[in-house]
Structures are given as C-alpha cells and as structure tokens.
Amino acid sequence: MKPIIVCAGITKTFINGEVKTTVLTDVSFKIFPGEFVAITGPSGSGKSTLMHILGVLDSPTSGQYELEDRDVSKLTDNQLAEIRSRRIGFVFQAFNLLPRVSVERNVELPLMYADMPKEERKAKAIQALRGAGIDDELHYQKRSNQLSGGQIQRVAIARALVNDPAILLADEPTGNLDQKTGQIVLDTFRKLNDSGRTIILITHDQYVAEHASRIIKLRDGQIIEDSVNKSHRFMDKEEPTRL
Amino acid sequence: MTLGDLFSETSSNLFGNKVRSGLTMLGIVIGISSVIVLVGVGQGATQKVTSNISSLGSNLITISPGSSRNAGPVSGGAGSATTLTVDDAKALKSQMTFAATIAVELTRRYQITYKGNNTNAQVVGTEAAYSTIRNVGVASGAFITDQQSQNYAKVAVIGSNIRDELFGVDTDPIGLVIKINKIQFKVIGVTATKGGSGINTSDNSIYVPINTAQRFLAGKASISSIDIQAKDKNSLSQAQQEATNILLVRHNIFDSSSADFRVQNQADLVSSLTSVTSTLTLLLGAIAGISLLVGGIGIMNMMLTTVTERTKEIGLRKAIGAKSRDISWQFLMEATLMTFIGGIIGVLLGWALAAIFTKTGLITAVVTWGSVILAFGVAALVGIVFGYYPARRAARLKPIEALKYE
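As you go down the protein sequences, you meet chains R and E in turn. UniProt numbering applies: residue 1 is where the first sequence begins, and numbers increase by one. UniProt numbering applies: residue 1 is where the second sequence begins, and numbers increase by one.
Okay, chain R solo, but in the shape it has when bound (with noise of 0.2 Å):
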C-alpha cells in the first residue's frame, strides 16, 4: 500500500526579527490509508506547527512534505487551495464555524469553494451532518452561534468531511468540550476511521490520543516515540451517543 503521507526530514525555522525559533527539527514519518494517528505532546512541542504543515496552511522551512505523491513545495498558492478543499478536511479546536450562518450553509462552504452545483452542495451536507452523528433537521437552520459545544464540533467534523477528503486533520477537538461531550466527539472519530478515514488528531491529553490506533509523540520538535496503540481495540465500540 501506497502512504498518503510522506515528510522527510521536516524543519521549520521562524524568524521574529533577530530571534530565530526552530520548532520542528529533521521531522520524518509515513501515514497510509485508514490510519488513525495521535501526535501528541506537551505544548511548545511543534505539533501544532506540524498539523498546520500536514494540512498545507504552511510549508516547511526545510525538508520534503509529499501528500498522495504531490511535493507539496511546488505547488501554487491556488493548487494548495485547490487541495485544502477537497483533499484535507479540518477540526480546530475552536472558531470552526462561521456565527450567523446556518449549520447547513456552514457544511456547504468547502463545496461552494470547490464549484460543485448549488443542488448536489445540500444533498452533501445533510448526508455529512448525518455522517457526523446530527441527525435532527431543526439544526440545520440554526445559526451556528445558537447550538451547543459539542454540536458545533460534530457540525465542524461534517463540514471537514463533506468533501470526501483523504484526510481527517483534527487539532485538539476536544480541548473546549467538556468530557462527557468530549467523549461523543471521540467516539464520532473513533467510527469514521472504522469505515476506514484517514485521521490525524493532534492533542496534549494522553487520554484523547489513546483513541488512535498510532501515536507520535513530539517533544521540542522532534519524534521520541512512534508506536502502534494495542489498546484502543479494546474500546467501547457503540453507536455514538444521537445529540
């Protein structure tokens, strides 16, 4: 099998005026189709810096970063757009919707971006908002402000989804959320990567990365630990909890 991420010896350097701050250094690893991986650890370790090079918002100051074959270095600011739309979907961990706009138009927007016909975009997005465990039509027209932490997550998650993307690229998800609610929205990742997503979820709480079945572990900047997590098997496997 092919990986769908390759990144070979990674740096990123940045320059605020005389300081120079490297927070990732010679960072490799691969990702294949269906897994699901944790990069974890403690803050200022680089993984957010990492996510955001993974997800194409920001390139590497060194090294080579290769999504589904594509040297991401040589491409366009267009072409990265172009790829953010349909190729990656993201969860952040707060500011995922856009206030006073419906939770449905919210789930559109990467479709509107990608030119796909007004028709086919809320088809898409009422089978995404299901996919995502918010199965209740009153929340469709909801302005995304009136729904509830959780809710929001789960509207966020559809909406990174709704464009069948290779990848799954969530950062700490559930960082604003409660446990119980917390839990709902693991549980939700836990699903989409047994119908064989591709999940990548960045966290600080050892608790949250224990969902994955792999975990990187980043410490100043660099891997100290890439294993494969046994124990998620063992998890409980129900239905997501219906919102």
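Take these hints with a grain of salt, some might be off.
[Stated by the list, open to error] Computed list of lysine-lysine pairs in DSS-like fashion (alpha-carbon distance at most 27 Å, straight line):
1. R:Lys-20 x E:Lys-404
2. E:Lys-93 x E:Lys-182
3. E:Lys-154 x R:Lys-217
4. E:Lys-398 x R:Lys-20
5. E:Lys-115 x E:Lys-18
6. R:Lys-20 x E:Lys-312
7. R:Lys-230 x R:Lys-191
8. R:Lys-20 x R:Lys-74
9. R:Lys-118 x E:Lys-312
10. E:Lys-154 x E:Lys-90
[Unchecked claim] FRET-style restraints, in silico, Cβ to Cβ:
11. R:Met-1 x E:Leu-23: 51 to 61 Å
12. E:Ile-373 x R:Lys-118: 29 to 39 Å
13. R:Thr-11 x E:Lys-404: 17 to 27 Å
14. E:Gly-370 x R:Asn-16: 31 to 41 Å
15. E:Arg-20 x R:Gly-175: 24 to 34 Å
16. R:Gln-79 x E:Gly-370: 19 to 29 Å
17. R:Asp-135 x E:Glu-406: 30 to 40 Å
18. E:Ser-275 x R:Lys-118: 28 to 38 Å
19. R:Gln-141 x E:Asn-301: 31 to 41 Å
20. E:Arg-20 x R:Asp-135: 31 to 41 Å
21. R:Gln-79 x E:Ile-356: 50 to 60 Å
22. R:Tyr-207 x E:Ala-380: 52 to 62 Å
23. R:Ser-28 x E:Arg-20: 48 to 58 Å
The set of hints was computed from the structure by calculation and includes no laboratory data. No residue lacks a Cβ here, since even glycine has one placed at the ideal position from N, Cα and C.
Position chain E against the provided structure of chain R, taking the given hints into account.
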C-alpha cells in the same frame, strides 16, 4: 465560486451587520442625493434663464443706437446717440430678406395717473408687430394696431401689474382713461401676465402707438431700438449681418468698427448667461462630488475594519479551500453592493427632494438622466476603487497567520 454564491455570501454579511452597513451606506446616500439635487438646481437655473430670455421673444435681434459722437474727445454713453429713426426701420423692412417681422421701439419712463392713483412706468411706443416679436400676449382687449399709429390715436395697452396698481386687481380697465405724462390715453388692452422678475417685463410696461409716442410724449424723431425677428434660428446671424450692412450704407459709414449703432442677437445673450449657470452647476456638482468622495472613504474605512475584524474568518475560509480570488471578490462585492444599494436609495431620495423643492417653488431642480447616470457611475467607481484596497489586503493574508490572529 459562482456569482450567485458570491452574492449570497456578500448579502448575508451585509445584512448580518445592519447598523454598520446602514451607516456606511448613508454616506453614499447623502453623496449621491446631493449630487442629484445640486446638479438639478443648477440645471433648473439654466432652464429658467433660457426660458426667461426666450419669453422676451424668439430669434430676436435688437438694434440700438451707439454712443453719440460729438466733436471732441468726449464720447457719450451707449444708446445716447439719436441716430436710429423710424425711416431706418422702414428701410430694413423693405430690404431685409432674412427677417420675419420688424418693430420699432421708443421707450421712456413717465408718470402714469388714474384718478388718485399714480405710478411710474416704462412706456413703449411701438407697432403691432411688437406683440409677435416680443411675445407679448393680450389678456383682454387688443394690442395696438398700425392703423392707430397712423391716426396718432391716444390709446394704450397696459401691463397686468400696472392695471393692478392703478385700478385694483380684479377690475376691467378697458375703455377707461389714464394720463401718461398728463396726456389722456384710452386703455384698449391688458397684457397677459408673464411673471418673472425685472422691472422691464411686459407686466410693468405700457404700450402706445409709435407715432403717438413721438408726437405727444417724446417729441422727437429718433427711436430707442429696432427689434427684428429672424425667420428662424439658423438665419439669425445672416439677418444680423444683413441689418448691419443696410444700416451702414444708410448712415454712410464705411468702417463697421465706427458704426453708430449696435446689433445684438439673443443667442449671444443666452449663451453668455448659460455659461454663467453652467459654471454654477459645475460648482454645485463639485461640492456634492466631495461628499460622495467622503462617502467612499467611509466605505473603505468600514471595509478595512471589517477585514481586520474578520481576519479569523478569512483564515477559516482559506483553510477550507477558499482561493485568494474568492476572498478578494467577496470583499470587493461587499463594497460594491453597499455603494449600489446606497446609490439606488440616493437616487430615489435625490429625485424626491428635487421634486419637493420644485413643488414648494423655492428653487427649480431638474433631474436629468444624465445627472442620475453620472452620480450612479461615480458611486459605483467609488465603491470599486475604495473596496479594492481592503479586498486586496484580505486576499493577501496568509491562511495560517489569519487563523492564528487574535
């Protein structure tokens, strides 16, 4: 991203922030409506001036005496010469080919009395053709005839204001006798009210036959002007030239620069006055244009604030696949849509204000399609120009920096 998507994204943003969008639009509304009203006032003034002048008679050429030339270096004022006579007018009548009608004028001011009432008015000794040339209508009775002139009849047609002053507003003065300079004249007609201002309008004048005026009032053979109505607008300058040549020959003058008369045509007067009013229009338009510019800067200010405020949103949009182009179009569209809506409201408001002003009779404001299109075009341009910079700034934001923005 299709145009329809762009439009719905934009409008949901504008209507999501009604107060701010409304206030920003207000700048454009005021700018556009003031352009329309002020340009309308200027154009109204132009129309009024033109119609006032043409109410004095159309295709009119006036010949007046030049300055008197006595022996010695002292020159009299223009019109002081007594060089123009009824015979000159007769010669013009028989020789001119480009003239439709010709009438002489002998104008003096006299004291007019009727019983206890008296007033001072301009008395015009003239011919029947005068009413056609000068566009003087008669409301009751009749205008003076050439027959009356030949008979030295002491009859007078009085202006409506003179009637009001001497007899009272609703009386019929026909057949009554007034005294002009202590000589009795029978009133045979009252002119139709023309309105307008100026002491020399027909409303304030009295018309008597020319021969009567010369014999009983002025007591001399010279006249104060000859009015010529050219056949049409195009023959105006030819008629002017023709009249000049005829009079030069009659007066034995070979050098036209030393002519003892002046020939003026109405078109010259109209064009010089029109240039005054169009300068006025330009000035008013420029003042209004400045407020439109200020409105445009208001839009830019709001858009820049919006871009800063929505930096995170821009980051998120880019993260989920928006291209720079999508972002810049969205912001440009917001600015343009705002000027567009403001523009439509401004045009309607300006139109309404112009109509109200005109209705109250204070000022005549004429709204033309030209000024509407101009104002709207400028507004659209303002929106695009002032929306471009903020849109560009939004589009250039790096997705990661925009997302991290606090």
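How the hints compare with the structure:
no. : hint                              : result
1   : R:Lys-20 x E:Lys-404              : holds (19 Å)
2   : E:Lys-93 x E:Lys-182              : violated (33 Å)
3   : E:Lys-154 x R:Lys-217             : violated (123 Å)
4   : E:Lys-398 x R:Lys-20              : holds (20 Å)
5   : E:Lys-115 x E:Lys-18              : violated (73 Å)
6   : R:Lys-20 x E:Lys-312              : holds (26 Å)
7   : R:Lys-230 x R:Lys-191             : holds (17 Å)
8   : R:Lys-20 x R:Lys-74               : holds (25 Å)
9   : R:Lys-118 x E:Lys-312             : holds (26 Å)
10  : E:Lys-154 x E:Lys-90              : holds (22 Å)
11  : R:Met-1 x E:Leu-23: 51 to 61 Å    : holds (59 Å)
12  : E:Ile-373 x R:Lys-118: 29 to 39 Å : holds (34 Å)
13  : R:Thr-11 x E:Lys-404: 17 to 27 Å  : holds (20 Å)
14  : E:Gly-370 x R:Asn-16: 31 to 41 Å  : violated (57 Å)
15  : E:Arg-20 x R:Gly-175: 24 to 34 Å  : holds (32 Å)
16  : R:Gln-79 x E:Gly-370: 19 to 29 Å  : violated (48 Å)
17  : R:Asp-135 x E:Glu-406: 30 to 40 Å : holds (35 Å)
18  : E:Ser-275 x R:Lys-118: 28 to 38 Å : violated (57 Å)
19  : R:Gln-141 x E:Asn-301: 31 to 41 Å : holds (34 Å)
20  : E:Arg-20 x R:Asp-135: 31 to 41 Å  : holds (37 Å)
21  : R:Gln-79 x E:Ile-356: 50 to 60 Å  : holds (58 Å)
22  : R:Tyr-207 x E:Ala-380: 52 to 62 Å : holds (58 Å)
23  : R:Ser-28 x E:Arg-20: 48 to 58 Å   : holds (50 Å)
The structure fails hints 2, 3, 5, 14, 16 and 18 (numbered hints given earlier, in ascending order).
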